Amino acid sequence: MTRSSLRVRAVSAALLALAIAGTASACSSKETTTEGGGTYTIWDPYPQFTDDSDWVRLLKECGTSAGVSVERTGYDTTDLTNKALLAAQQGNSPDVLVIDNPVISTLAEAGALTTTDETDLDVSAMEPHLLGAGQRDGRTYGVPIGANTLALYYNKDLLAEAGVDISTVTDWSSLTAALVKVKAAGKKGITFSAIGTEEGSFQFLPWFWGAGAQLTALDSPQAVSALTLWTDWLTAGHAPNSVINNTQTTSWQEFASGDYAFGENGTWQLANAAKLSFEYGIIPIPARAGGTAPAPTGGEFISIPVQGDTGRYAASRQLVACLTSGDNLLTTDTTLSYIAPVAAVQEQQVAANAELGVWVDAVKAAKGRTGDDLGTRYPRISEPLWTAVQSALSGARTPPEALSAAQRAADSATN
Amino acid sequence: MGSHLARTSRSVAVRERDAAARATPPAPPPRRRTGGAGWAAWAFLAPVAGYLLAFYAYPLYRNVELSLREYTVRSFVQGGAPFAGLDNYRQVLAAPTFVPALWHTAVFTVASLLCQFAIGLALALFFHRHFPLSRTLRALFLVPWLLPLIVSASTWSWLLNSEAGLVNAALAAVGVEPVNWLTSPRWSLLSVIIANVWIGIPFNLVVLYSGLQAIPRPLYEAAALDGASGWQRFRWITWPLLRPVSAITLLLGLIYTLKVFDLIWIMTRGGPTDSSTTLATWSYRLGFGNLLPEFGPGAAVGNLLILLAVGAGAVYIGFERRQRLR
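Protein sequence lines, in the order shown, are assigned to chains B and G. Once you know that position 241 of the first sequence is 241 in my numbering, the rest is easy, because the numbers rise by one and skip nothing. Take any residue in the second sequence, count from 1 to its spot, add 1000: that is its number in my numbering.
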C-alpha cells in the first residue's frame, strides 16, 4: 500500500465521516404524490393490509363511486406522522389521510389539515367523546373511523386452576389478591407494556386515570398510587421485569404463551385471541376503588389535508363520506377489529358478535389523550410520564421521586 | 456563428499565450490545456460534484439550518421559523440528558472499538495461519455482517430477555441469578455494547486479515531464522506494519459506532430512563420519537455528532501526517 493512496484514503475518510454523520441526522425521504388525472392518494397506518384485503377493496370501491381512482399507501404508525409532516412541508400531502388520533392536534397545529366545516363533512352522528380527540378550539379536523381501547384479557383455564373467580376482580385490591393466588399456584400474574414510547403511556393511563389522577398533575398522590401499584407488582414478581421493554405486541406474545393470568391489551388483538390455545375472557380494567377505569381511546381519524388545489376537496369529501357511512363503517371496523364511533353501528357490531359488548362499554368509558383541552401539550406530558414509569419500574427512582421529576419536566416543556 | 466566435476567442488565447511565452523565454513550456479540455474536465467532474452537493452538502446545510432556527410543527410546515442563533445548542447542552448521553456515547464507542478491534485482530491472526476449513470458518464469521440490523438486534433482544431469554436460561442452568439485561439501568448499556461488538467483529476481521496478507512473508522467515519468538514477531513485524490498516479500521469503526442508532433503539429504546441513550438515539428521539417533534434540538444533537466524527477524522489525518514525516 503506497503512501499516496493512504493520503487519498485519509481525505476520503474525512469526507465519509462528514457525509455519514450528516445523512444520519438529516435524512428524510420525500414522497411524491400523483396530482391530477383523477388519481387520489390515500395514506393509512395499516401496512398489514395488502391490496387484496377488504380494507383496500373498500377504498377502491369508494373511489369508483366518487368517480376517481385511488392510490393507497400503508405506512407504519409512527412513520406516518413524520411522513405527513414532511409532505405538508413539501406541499404534496395525500388527498385523504388516515391517522392515529393523538396526532391530529399536532397536524392541526401545523396547519396541515382542513376543518370539517371547510370541506363540509358531516360528523353529527359521531360519539362526542371520540370526536373530541380531533377537535381544537371548537374546530373539528377529521372523522373518527373507529375506536379501540384497552381491557384485561384473562386466561380462563389458568384462573380456574388457581382458584380465582373472575367476578370478584372489581378493583385494584381484588386484582392484586387474584395475582397473589395465581403466584401461589406457580403461575405468572400479569403482563403489560411499559416501554419508553407513547405505547408505555397509553398502557399506563387506565391505571393513572383509574386512580383519579389528572395529566395536569403527574405528581399527585393518586398518580403515585397508580405507579406504586405497577412497581409493587414487579417487586412482588406478579408482573415480569420484561414489561419495561415490552411493546404491546411482545406483551401479547407473553400472554399468548399461556403462562400469564392477565394481559393488558387492546381490541386489535381480538383476531389473534381467537387463535389462543386456551380459553380467554375479557374484563374492563378496574379503577382503584371499583368500576371501570377510563382507558385512553386509540384508533384513527380520517381527515383531508390542506391542498394547493382546493378543487380536489369535493372528491376527497365523497371518499371520506363513503368510508364513514353506515354500512361501510361496519365493514371498516370489522376489518380493523375496531369499535365504531357511531352508536347505531356499535349496536350492529354487538348484535353480530356478543363478545364485543365489553369493548363497546370500554370505549364508552374511554377518554381521548389530547382531550381536556390538552391538545399539543399532551405529547410534552406523555414523554415525562413514560420516563417516570420506566424509572420507577427499573428501580432507578421511587414512584414519588419519579413522578415529581416528571412533573418538573412537563412544566418546563409546556411553559 | 457560435463556432466562429469560439474560433476567434481561441486564436486570441493562442496569440496571448505565444506573447507570454516570448516574454519569458526560459520558463518551462506551459502544460497544454485548451479551453475545450478544461470544460471536458469539468463535465467529468459534474456528476460527482452534483451528487455530493445534492446528497451530502444540501442535507448537511439543511441540518445546520434546522439547528439554528426555532422550529415548531407550525413553522416547519408553513415556513418562517425565527432565527434562534445557538439557542438550540444551549438548550441541548443544558438538558439533563446531555451529560449522560455524551458519557454513554463515549463508553459505547470506546468499549465497542477496543473489543471489536482486539477480537478482530486475534481472529485475523488465527485465520492467517491457514488450517483446514479456515476459509469456511472465516466465511461463517461474516454472517453477523450480512444479517440486516433489525434481525440481529431483535435476535439479541430475545436472547437477553429477562423472562424468556436464552442467556438467562443458561445462567440459571449454572446457578446464576437471572440478570435484567435490557430492563435494568445497570446492565442495559453493557447489553447493547455486547451486541454491537458482535456485529462489528467481522468488519475488523476482514480488514485486518487483508492487512496481514499484505505483510511480506520473507520478513517472518528472516525473523524466524534470527530466532524471534511468536510474540516478538507480532510485536516487531506484524504490529508496526499493520499500523496504517489498524488506523483506518479504527477510524471507520469509530464513525460507524458513533452513529449506531438502530441497534440501541430496537433493543432498549435508549432506556430504561436514558441508561443506554447515546447522542444518536437522543437525536432521533428529539426529532421523531415523540408525537410533537423537536426538530431544532434534534438537529443540534446531530450536528454535535458530526463534529465528533470530523474531530476523529482530523486526528486520523494528523496521525497519518506524522507517520509520513517519520
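It is worth saying that the hints were derived from the structure and are not from the lab. Source: prediction; values computed, not measured. Keep in mind that a hint or two might mislead.
From chain B, some residues computed to sit far from chain G (all C-beta separations above 10 Å) [claimed, not checked]:
#1 Val56
#2 Gln214
#3 Thr216
#4 Leu276
#5 Ser394
Cut-off 20 Å, straight-line C-alpha distance, at most; resulting in silico cross-link-like pairs (SDA-like, lysine to any residue) [what the hints assert, rightly or not]:
#6 B:Lys187 - G:Val1310
#7 B:Lys364 - B:Val350
#8 B:Lys187 - G:Cys1115
Note that beta-carbon positions come from the ideal geometry of N, C-alpha and C, so glycine has one too.
Quick rundown of the hints versus the structure:
1. Val56: holds, 25 Å
2. Gln214: holds, 19 Å
3. Thr216: holds, 17 Å
4. Leu276: holds, 17 Å
5. Ser394: violated, 4 Å
6. B:Lys187 - G:Val1310: Between Lys187 (chain B) and Val1310 (chain G) the Cα gap is close to 54 Å, so the pair fails against 20 Å, i.e. violated.
7. B:Lys364 - B:Val350: holds, 14 Å
8. B:Lys187 - G:Cys1115: violated, 41 Å
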